[in-house]
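Student: Sequence:
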Amino acid sequence: MNTKPEKIVPQRQISGEKLVFLITEVGFLVVLALWGGPAWVGVVVPAIFVEIYSGSQLHSLGMLMPAAIWLGLCTLTGNRELFFPYAMYVMAFMVSRQWERGRGTAIMGGLFCGGLFLFIRWLQNATMSVLLVEGVVAAGIIFALGAFCWQGLNRGWMRMIGLLGASLLAYAGLAL
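Convert by adding 49 to the 1-based position in the sequence shown; the result is the number in my numbering.
Just so you know, the hints here were simulated from the structure itself, not pulled from any lab data. For clarity, every value in this text was computed on a predicted model and none was experimentally measured. Be careful, since some hints might not be right.
Said to hold, decoys possible - Quick list of simulated restraints, FRET-style, between CB atoms:
1) W171 x Q200: 29 to 37 Å
2) N128 x V94: 17 to 25 Å
3) A196 x W84: 32 to 40 Å
4) K67 x M177: 38 to 46 Å
5) I210 x R129: 20 to 28 Å
6) A188 x G151: 17 to 25 Å
7) R129 x A188: 20 to 28 Å
8) V185 x S105: 33 to 41 Å
9) V185 x G76: 28 to 36 Å
10) K53 x R150: 42 to 50 Å
11) V94 x K67: 17 to 25 Å
12) G184 x S64: 38 to 46 Å
Ideal Cβ placement from N, Cα and C applies to all residues, glycine included.
With these hints in hand, go ahead and build the complete structure from the sequences.
Tutor: Encoded structure:
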């Protein structure tokens with residue numbers, strides 16, 4: 050008969066930074082859900098998973114949140130086309146965040162996010178010609194962002210410039 054008490058394993062406490070990350074993440078998703086709807090949330094969820102997989106860094110999540118500026122502009126102007134620059138910002142975030150883990154992983158993440166965007170647009174009954182243009186622009190953005198990252202510019206504030214540049218390329222692509 051064993052008379053020794055069972056060893057109690059202490060449970061890990063959640064750090065303050067992780068708690069702030071979770072609160073910020075949930076708040077961001079709630080804002081997207083309330084003002085944008087399921088499509089706006091659906092595009093960003095894979096990027097949130099990538100961020101969690103990459104270490105749940107608050108400053109990195111902070112680089113994703115400016116994508117919501119497009120939601121604000123969409124709400125103010127009523128221009129639903131601004132969903133495209135928003136989705137391309139999120140796609141660029143996935144590519145830039147995964148670049149250090151591996152180029153192939155980053156490109157695949159970008160293609161997944163772009164494909165998810167096109168699937169959502171297809172569910173929204175976008176015409177094939179619109180889907181074709183959006184797909185070509187998205188592929189061009191992945192290519193441009195890959196070149197940007199390849200040059201080693203994917204660090205610090207330059208990463209933010211790359212994300213904004215990708216988003217502005219998508220906005221310019223709306224004219225096609």
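Student: Against each hint, give a clear statement of whether it holds in the structure.
Tutor: Evaluation of the provided hints:
no. : hint                    : result
1   : W171 x Q200: 29 to 37 Å : holds, 34 Å
2   : N128 x V94: 17 to 25 Å  : holds, 23 Å
3   : A196 x W84: 32 to 40 Å  : holds, 34 Å
4   : K67 x M177: 38 to 46 Å  : holds, 44 Å
5   : I210 x R129: 20 to 28 Å : holds, 27 Å
6   : A188 x G151: 17 to 25 Å : holds, 19 Å
7   : R129 x A188: 20 to 28 Å : holds, 22 Å
8   : V185 x S105: 33 to 41 Å : holds, 34 Å
9   : V185 x G76: 28 to 36 Å  : holds, 35 Å
10  : K53 x R150: 42 to 50 Å  : holds, 45 Å
11  : V94 x K67: 17 to 25 Å   : holds, 19 Å
12  : G184 x S64: 38 to 46 Å  : holds, 41 Å
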